[in-house]
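Peer 1: Please put together the full structure from these sequences, using the hints given.
Each chain, letter by letter, is given below.
Protein chains: 2
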Amino acid sequence: MDTRWLDDEELDAWIRLIAVVELLPGVLDTQLRRDSELSHFEYLVLAMLSEADDRVLRMTALAARTNATLARLSHVVSRLEARGLVERSPCPQDGRATNARLTDAGWDAVVGAAPGHVETVRGVVLDALTRRQVRELGEIAGAILTRLDPDGRMTPPPRD
Amino acid sequence: MDTRWLDDEELDAWIRLIAVVELLPGVLDTQLRRDSELSHFEYLVLAMLSEADDRVLRMTALAARTNATLARLSHVVSRLEARGLVERSPCPQDGRATNARLTDAGWDAVVGAAPGHVETVRGVVLDALTRRQVRELGEIAGAILTRLDPDGRMTPPPRD
DNA sequence: GCGCATTAGTTGACACGACAACTAAACCCG
DNA sequence: CGGGTTTAGTTGTCGTGTCAACTAATGCGC
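Protein chains in written order, with UniProt numbering: chain A, 1 to 160; chain B, 1 to 160.
Derived by calculation from the structure, the hints in this document are not laboratory data.
Note that the structure is predicted; figures quoted are calculated from it, not measured.
Just so you know, nobody snuck in bad clues.
Simulated restraints, written as ranges between beta carbons of each label pair:
no.: 1; chain 1: B; residue 1: G123; chain 2: A; residue 2: R88; range: 32 to 40 Å
no.: 2; chain 1: B; residue 1: T60; chain 2: A; residue 2: D35; range: 27 to 35 Å
no.: 3; chain 1: A; residue 1: A71; chain 2: B; residue 2: G123; range: 24 to 32 Å
no.: 4; chain 1: A; residue 1: E139; chain 2: B; residue 2: G123; range: 12 to 20 Å
no.: 5; chain 1: A; residue 1: A97; chain 2: B; residue 2: R33; range: 27 to 35 Å
no.: 6; chain 1: A; residue 1: R88; chain 2: B; residue 2: P150; range: 36 to 44 Å
no.: 7; chain 1: A; residue 1: T146; chain 2: B; residue 2: V56; range: 39 to 47 Å
Okay, the calculated bits of chain B under chain A, using three or more residues with CB under 8 Å as the criterion:
no.: 8; stretch: 16-24
no.: 9; stretch: 109-122
no.: 10; stretch: 139-150
The C-beta atom is built at its ideal place from N, Cα and C for all residues, glycine as well.
Peer 2: In structure tokens, the structure reads:
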């Protein structure tokens, strides 16, 4: 089958999307590391735990909410545990499972990091867009996600 | 100053954008590695060279076109050079500069990889969007880039 | 209730990117 | 034209992610 090459509009959108994907993580990491000694991914892990009931989640559930593999999450949680921000304990209901719980120190870390992080998010993304574009971005990213992650492992729909 | 937290629409757009940013690179890498033994970044390097006059670019120019630091590019070009896909030579005009040139083998590699890559790009992004959304995405990503990269080191505007 | 497949998670080896230190050439300016 | 600054690029080290191999508990089928 002959390749359908990209036309100008498609190429333009693609090139720019790639640039965003390459540059955005670095910017988020840099700010969080500088101000709060956390990588962006570590922040995400702590933030997801902070919103969960009793601040506890099973590793698998946490991996899904952070778009990570279990292996990656396991390494990161080990480091966070060593820093006293998270605690692991075997799940009583299922012997195979592990629960990760946010400690008080972990809670303090997220609470401390959140304002600066939100400010960065506004600064580099949201404030650059109109209200309409923010809504569009939500829809576009949602559409892409259904292709990237057909099984919907990721962040479940609008509902939280 | 009190933090302006994100409202529902903003949070939705942000969470989804983060998910895209986390998942997209992996999908692109996986396809290219499987079918062409190239990482996405390596592909980008070769592709940018393939479009340049005489298939030659100075390292700095190549770094800008691929949104990479010079250090990262230098490592990657070393590997590509070891595989015979790229050649380095000192720039005659400027003794500090290095020119990277795409070899014939490198050309063959990009040409071989391009169709599968474009198909993936369509599959995971472009075909998930309407024509209008593709245009919107271009504008939104462009707006974000002016914040991520205020000096415009990155891909220059529509113009090539 | 035994055995095999599946699910949950961890771990170790390797690959790659970031950062900082370094070399070297060019520019600049008095 | 000589010394300091800037620009271009490379390299070594370290942190972090990926992959594959592994352990262990669960659940299904008969």
